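Enquirer: For the record, the sequence lines run as chains R and W.
Taking the numbering used here, the leading residue of the first sequence gets 1, the next gets one more, and so forth.
Taking the numbering used here, the leading residue of the second sequence gets 1, the next gets one more, and so forth.
No lab work stands behind these hints, which were simulated from the structure alone.
Careful, some of the hints might be misleading.
To be verified - Cβ pair distances, simulated, as ranges: (1) H239/W x K155/R: 43 to 51 Å; (2) Q190/W x N117/R: 17 to 25 Å; (3) D26/W x D89/R: 22 to 30 Å; (4) G68/R x R82/W: 17 to 25 Å; (5) D151/R x R82/W: 22 to 30 Å; (6) C99/R x M42/W: 19 to 27 Å; (7) D89/R x H239/W: 26 to 34 Å; (8) G142/W x C99/R: 50 to 58 Å; (9) E123/R x R82/W: 53 to 61 Å; (10) D192/W x A156/R: 47 to 55 Å; (11) D67/R x R82/W: 47 to 55 Å.
What you are looking at is a predicted structure, and each value in this text was computed from that prediction instead of being measured.
Glycine included, each C-beta is placed from N, C-alpha and C at the ideal position.
Okay, here's what each chain looks like letter by letter:
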Amino acid sequence: MKVKLNVNGQQREVEVEPRKTLLDTLREDFLLVGSHVGCEHGVCGACTVLLDGEPSRSCLMFAVQADGYEITTIEGLAPAPGELSVVQDAFCEMHGLQCGYCTPGMVLTAHALLNHNDTPSREDIVEAISGNICRCTGYGQIVEAVEFAADRLRKANAPKQGVLEAAETNTSHGGRK
Amino acid sequence: MKPAPFEYVRPDSLAEACGILAADEDARVIAGGQTLIPMLAMRLARPTKLVDILRLKELKGIRSEDGAIVFGAVTRQVEVERSEEVHRRLPLLIKALRWVGHPPTRNRGTVGGSIAHADPSAEIPLVAVTLGAEIEIANPSGRTKVPADEFFIGPMLTSVMPGDCVCAVHFPVWSHARVGTGFHEVSARQSDFAFVAAAAQVALDENGRCIEAALGLGGVGDRASRVDVSALVGKEVDHVAIADVVRAGTQDIEASSDLHATAAYRRRVAAVFGTRALEDAFADARSQGGMVQ
Numbered sequence: 001m002k003v004k005l006n007v008n009g010q011q012r013e014v015e016v017e018p019r020k021t022l023l024d025t026l027r028e029d030f031l032l033v034g035s036h037v038g039c040e041h042g043v044c045g046a047c048t049v050l051l052d053g054e055p056s057r058s059c060l061m062f063a064v065q066a067d068g069y070e071i072t073t074i075e076g077l078a079p080a081p082g083e084l085s086v087v088q089d090a091f092c093e094m095h096g097l098q099c100g101y102c103t104p105g106m107v108l109t110a111h112a113l114l115n116h117n118d119t120p121s122r123e124d125i126v127e128a129i130s131g132n133i134c135r136c137t138g139y140g141q142i143v144e145a146v147e148f149a150a151d152r153l154r155k156a157n158a159p160k161q162g163v164l165e166a167a168e169t170n171t172s173h174g175g176r177k
Numbered sequence: 001m002k003p004a005p006f007e008y009v010r011p012d013s014l015a016e017a018c019g020i021l022a023a024d025e026d027a028r029v030i031a032g033g034q035t036l037i038p039m040l041a042m043r044l045a046r047p048t049k050l051v052d053i054l055r056l057k058e059l060k061g062i063r064s065e066d067g068a069i070v071f072g073a074v075t076r077q078v079e080v081e082r083s084e085e086v087h088r089r090l091p092l093l094i095k096a097l098r099w100v101g102h103p104p105t106r107n108r109g110t111v112g113g114s115i116a117h118a119d120p121s122a123e124i125p126l127v128a129v130t131l132g133a134e135i136e137i138a139n140p141s142g143r144t145k146v147p148a149d150e151f152f153i154g155p156m157l158t159s160v161m162p163g164d165c166v167c168a169v170h171f172p173v174w175s176h177a178r179v180g181t182g183f184h185e186v187s188a189r190q191s192d193f194a195f196v197a198a199a200a201q202v203a204l205d206e207n208g209r210c211i212e213a214a215l216g217l218g219g220v221g222d223r224a225s226r227v228d229v230s231a232l233v234g235k236e237v238d239h240v241a242i243a244d245v246v247r248a249g250t251q252d253i254e255a256s257s258d259l260h261a262t263a264a265y266r267r268r269v270a271a272v273f274g275t276r277a278l279e280d281a282f283a284d285a286r287s288q289g290g291m292v293q
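Just chain R, same shape as in the assembly:
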């Protein structure tokens, strides 16, 4: 069957058997091997990708079902070649990985969480990554990495100190009511 997929902003067409999972299609047909093959039945979370921004298991979807979605893999997160996204960088800084097998799934899941919640509590983070299994870190540093990324994103999005006050002064003097 022919299917058109939108992967990391690019339209691609591929001929697949209906039984081929989105995960295998990403890895074998598009050579996007950052989505990892773990349990292949939806338990481990290593194959997590974003579908329209929401974390989903690419092993629990056939490629033929995936047309019309914006699919984001770990390869699509970095702002430019050789750079890291804020979350990826936070995982490095806080040692949020050891063997790295679960990392793409963890990073994408964290991205999705921080996209709609910039002040997640520890519980929110634990709940969000509860479907991603890590056998190395004990999760402590992963949770810290997500907290760290959230902090950086908040600071990056906040107006620089002084800008707010200046804006207020301007309005009060400018007489705009």
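Dock chain W against the given chain R, drawing on the hints supplied.
Expert: Chain W in isolation, oriented as in the chain R frame:
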């Protein structure tokens, strides 16, 4: 861990889907695929055809009716979690949903899929049985509604016949002013299959007397079941009354044994969690000052 070959079809209407299902009894419906695809991967299921209904508009969405909320079969679980209306009118379903899989599987998994799959430990079927929901089924000759209690027959076994497709689930909404809910579950890991799950919903009048009470148990036997707690109705209920009623109601309950838990364990936990769920529900109802919905 690769599925056996199958044919994939995406019909344009429910009628067309039912036609395909009626013509081939080995065809299976797929929606979110969060339980079916693992079964295909492990080759526990080997359908000839997968009939994808996920994009059928007529099966989408949450509709509010008088005395009920109707979920189109392909409504994703995450959409239910995000619905303000469901939070307000069906809080028991919201409490149960956080136990359904993980956030990523709830992003894809559907209400109708969980119902049609009929896992004895699944939470959405448990709430359906507890509240007496109705399952709407479409087939080539029309639509019928089946009470949850008759729909679920056994593990992964429902009253769905070849040519049938679950098209909506009707959850009744209690109109009383003070409604409280409680949900308790135990499993090996967060969001794994429940060994025992208990769901309770109660309503109180303005004097704190119980007007209506429902308790359901999942994971214990081969399907979710209701426990008779009608003895609580008309009374000002206290801890002792709840414990007595639940003990009596769960004494001879059918329970299954497996690697994870024995029947005796399940029965004992069922009594404890049934009590806790009801206590939570009464506390929840008491905390509501009689606001009209």
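Enquirer: For each hint, tell me whether it holds in the structure or not.
Expert: To see whether the hints hold, each was checked on the structure:
Checked against the hint of 43 to 51 Å, the pair H239/W and K155/R passes, with Cβ atoms roughly 50 Å apart. Against the hinted window of 17 to 25 Å, the Cβ-Cβ separation of Q190/W and N117/R comes to about 19 Å, which satisfies the hint. Judged by the Cβ atoms, the range 22 to 30 Å given for D26/W and D89/R is violated: they are separated by roughly 50 Å. Between G68/R and R82/W the Cβ separation comes to about 21 Å, which falls inside the hinted range of 17 to 25 Å.
Hint check: D151/R to R82/W, Cβ distance near 26 Å, so the stated range 22 to 30 Å holds. Range check, C99/R to M42/W: Cβ separation about 26 Å, and the 19 to 27 Å hint holds. Evaluation of the 26 to 34 Å hint for D89/R and H239/W yields a failure: the beta carbon distance comes to about 53 Å. At about 56 Å, the beta-carbon gap between G142/W and C99/R stays in the expected band of 50 to 58 Å.
Checking the proposed 53 to 61 Å range against E123/R and R82/W shows it is violated: the Cβ atoms sit about 18 Å from each other. Range check, D192/W to A156/R: about 37 Å between beta-carbon atoms, so the 47 to 55 Å window is missed. For D67/R and R82/W, the Cβ-Cβ distance of about 24 Å falls outside the hinted range of 47 to 55 Å, so the restraint is violated.
Hints 3, 7, 9, 10, 11 from the earlier list are contradicted by this structure; the remaining hints agree with it.
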